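Q: As a plain string of letters, each chain reads:
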Amino acid sequence: MSFLAKLFGEKKKTAAIAKNRLSVLIAHERSGAAASADFLPALQRELLEVISKYVSVDLDDIKVHLDKQDNCDVLEVNIVLPEQKSS
Amino acid sequence: MTRVVVVTSGKGGVGKTTTSAAFASGLALRGFKTAVIDFDVGLRNLDLIMGCERRVVYDLVNVINGEAKLNQALIKDKHCENLFILPASQTRDKDALTEEGVEKVLKELEHMGFDYVVCDSPAGIERGAVLALTFADEAIVTTNPEVSSVRDSDRILGILQSKSRRAAEGQEPIKEHLLVTRYSPKRVDDGEMLSFKDVQELLRVPLIGVIPESESVLHASNQGTPAIHLKGTDVAEAYTDVVARFLGEDRPLRFVEYVKPGLMKRLFGGK
Numbered sequence: 001m002s003f004l005a006k007l008f009g010e011k012k013k014t015a016a017i018a019k020n021r022l023s024v025l026i027a028h029e030r031s032g033a034a035a036s037a038d039f040l041p042a043l044q045r046e047l048l049e050v051i052s053k054y055v056s057v058d059l060d061d062i063k064v065h066l067d068k069q070d071n072c073d074v075l076e077v078n079i080v081l082p083e084q085k086s087s
Numbered sequence: 088m089t090r091v092v093v094v095t096s097g098k099g100g101v102g103k104t105t106t107s108a109a110f111a112s113g114l115a116l117r118g119f120k121t122a123v124i125d126f127d128v129g130l131r132n133l134d135l136i137m138g139c140e141r142r143v144v145y146d147l148v149n150v151i152n153g154e155a156k157l158n159q160a161l162i163k164d165k166h167c168e169n170l171f172i173l174p175a176s177q178t179r180d181k182d183a184l185t186e187e188g189v190e191k192v193l194k195e196l197e198h199m200g201f202d203y204v205v206c207d208s209p210a211g212i213e214r215g216a217v218l219a220l221t222f223a224d225e226a227i228v229t230t231n232p233e234v235s236s237v238r239d240s241d242r243i244l245g246i247l248q249s250k251s252r253r254a255a256e257g258q259e260p261i262k263e264h265l266l267v268t269r270y271s272p273k274r275v276d277d278g279e280m281l282s283f284k285d286v287q288e289l290l291r292v293p294l295i296g297v298i299p300e301s302e303s304v305l306h307a308s309n310q311g312t313p314a315i316h317l318k319g320t321d322v323a324e325a326y327t328d329v330v331a332r333f334l335g336e337d338r339p340l341r342f343v344e345y346v347k348p349g350l351m352k353r354l355f356g357g358k
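Top to bottom, those sequences are chains B and L.
Quick note: the first sequence, position 2, residue 2 per this note's numbering, numbers continuous.
Just so we're on the same page, this note's numbering is the position in the second sequence counted from 1, plus 87.
Only chain L is shown next, with the shape it has when bound in the complex (with noise of 0.2 angstroms):
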């Protein structure tokens, strides 16, 4: 069985494409044959995140027209032997997308042997952003700890619940995790930021992993590798976390609590 997994979040600029990005390279990493698709069409960026963008050929919206195979389009991805990516149409026009069309590229990696598909949402509570949670077995709901991320999680929250297929078809509701993205935990520290403990007691949704604020993320994108791939970075070593939990797995919170820079670091500048 696939299992599809979507990573939303309503609020655009929070960390969503860096999470799918991360979180799919993650799966594949441990050795599950992963799919990872852009829903946002018009305006891809996730084959820029994971760096194939020169590798584009075909898209999502080519394979659901009919005008070429879903084996043709699925980009191998360079650091990982069984992920594929399905970027998204750069052109077309947003209604290229149907219900129909989303539902037979899916049936279809199913039928290849796919064990994750996950879907990259656009922001927004549009036609895009419904259609890559129609589908999905489980939400990461990634959010900044700042007022309009957690309220827009919120009703990206209400939207799973009530328009994904599992909803419809009145089946076990979608499981949800909470990720909390660009944390500083000095600024929590400070009282200038609101903590992943006030975040999931106002969105009532089980914490998957909280990700530190990180310069390691533009580097990751400036490369065109997912930020798991940055060996050593705080970002990658969380985002490691995530997938363990993902996948069942106890792991203790990591970077969640400010350390003090000790005076050879604040004299020195440590980097």
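The shape of chain B in the complex, shown without the other chains (with noise of 0.2 angstroms):
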């Protein structure tokens, strides 16, 4: 701060700091709270490769949900296996 300033006070402006340093991370905030359901539709292909090695299922009969309670994720995967020919 150069003398003259000191000696007539002149203050710092922060509101534009604020301004910046808030619409940079709300943004971030906003888009990371949607990304995080972005890896599902992966999840429901890989889980239908697997699980096709073994019985023969389409992608329709896996459901692949994520759910938000309280404080916690809840990731719930359905799957419908054909039905059984035996007996």
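Heads up, a few of these hints could be off.
Unchecked claim - Here are the computed lysine-lysine pairs in the DSSO-like style, where the Cα-Cα straight-line distance is at most 30 angstroms:
id, chain 1, residue 1, chain 2, residue 2
1, L, K191, L, K98
2, B, K12, L, K156
3, B, K12, L, K98
4, L, K250, L, K262
5, L, K250, B, K19
6, L, K194, L, K273
7, L, K98, B, K19
8, B, K13, L, K318
9, L, K284, L, K156
10, L, K98, L, K318
11, B, K13, L, K273
12, B, K13, L, K191
13, L, K273, B, K19
14, B, K12, L, K273
15, L, K318, L, K347
16, B, K13, L, K352
17, L, K194, L, K98
18, B, K63, L, K250
19, L, K191, L, K284
To be verified - If you want the ones that stay clear, here's a sample from chain B, every Cβ over 12 angstroms from chain L, calculated:
id, residue
20, K12
21, V77
22, V80
What the hints contain is simulated information worked out from the structure, not anything from laboratory work.
Computed from a predicted structure; not experimentally measured.
Where is the CB? At the ideal position from N, CA and C, for every residue including glycine.
Reconstruct the complex from the two isolated chains, following the hints.
A: As structure tokens, this is what we get:
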């Protein structure tokens, strides 16, 4: 701070810094919440690959759903197996 | 139909209880039968701000557990004829609040003919805060022009959009309102404080009002009188405007421009 600025008590303008920091942060946090569920389609495909090694299932028979309960995320995987032709 | 309005913020100390008290009183002053519920189980304070702390006999948890009838627990406000306070429990653990219990209380308030129920949310994003917003139709997101408050408000907006009953059932989303509190036009003018426009731009929620930082708020809480009753103060005027805007009236923003004090005021200090 220069001598003159000290003399006249020039204040720091920090509000603009706050706004910049917040706009970056909020954009990041908002996209973060959405991106966390992005892996679901890939997970569904890979599950299909593994399961179809043993039984024949369709992509539609595998339902993957991510839910939030209180503070934890619940990953729900629902697989409908084909009807057994035994007996 | 009863409208449920949650006053929320994420961060503590930004003015949720002050706002709940003033806003609920303002609705009652406009003739609406209003209840204000303290959801801060364990740390109740709304009773103190409303000035009814010595009349608390039963609380929200007593009603939920069936230990008291709702009309035994509701405390009639001393300033407004049609305003009632439902205090939070002071001693019990936070698990005492349940979604079913809260829903039951809100249904009963509806049967009793209440026009508005104002839910004073605790700080944080824990159970109490989530339950306070679960059944809301509208939300007043109270924010200080300060980095941590703005960030926490953004978190709460995310929770409003994901965990509320309206969100879960795919109904029309909660109507959100941004309320900027503890605003200092001088500090904004000096470039030291985020302006209300900055806050609104960041959070992207319609602004319902700006409450100036004021000594009156402490005077109000000292006496247990909601700030809206302090006639002639900028805070009371600002809250009155907020209630009017909430009810759909068009009111210009006041107390947001810095007025340089005149020479006489600077010399003799006007208070």
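Q: Output the numbers, in ascending order, of every earlier hint that fails for this structure.
A: Violated: hints 2, 6, 8, 9, 12, 19, 20.
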